[in-house]
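Engineer: If you're matching positions, the sequence shown starts at 590 in the working numbering and goes up one per residue.
It should be emphasised that the hints constitute simulated quantities derived from the structure, not laboratory data.
Because the structure is a prediction, the values reported are computed rather than measured.
Just so it is clear, CB atoms sit at the ideal spot from N, CA and C, and this is done for glycine as well.
One should not assume that every hint holds.
Derived DEER-like restraints, expressed as beta-carbon distance ranges [to be verified]: (1) L644 <-> V603: 17 to 27 Å; (2) V597 <-> P620: 25 to 35 Å; (3) H647 <-> A623: 35 to 45 Å; (4) A606 <-> W626: 35 to 45 Å.
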Amino acid sequence: MALLLVTVSSLLSVVLAVVVNVATGGELPEPVAAYGWLAWPTVAVLTLTGVGLALWQHRLGQASQPSASPVLPPGGRPDSAE
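Using the sequences and the hints, build the whole thing.
Structural biologist: This is the structure we're talking about:
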């Protein structure tokens, strides 16, 4: 799962960089130049996707960490007093 997350995040970063370049004045090749108007909406979608991936990564990190167990007194019960 971690390899998939790294691969998708890496590809997303590269595609987002290219789309931002096009949106801010870069030129597309002639066969796809008619789709240049989609650059800013694509930046928005890719940014939201990146946020979603970051949240997914955060949740995976929390799920893999063991939860802290409460420290019990020597009697083994929280309300026991010795």
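Engineer: Next, verify each hint and record whether it holds.
Structural biologist: Now the hints, each set against the structure:
1. L644 <-> V603: 17 to 27 Å: holds (21 Å)
2. V597 <-> P620: 25 to 35 Å: Cβ of V597 to Cβ of P620: about 27 Å, so the range 25 to 35 Å holds.
3. H647 <-> A623: 35 to 45 Å: Holds - the Cβ-Cβ distance for H647 and A623, about 39 Å, lies within 35 to 45 Å.
4. A606 <-> W626: 35 to 45 Å: violated (19 Å)
Going through the hint list in order, the structure does not satisfy hint 4, though it satisfies all others.
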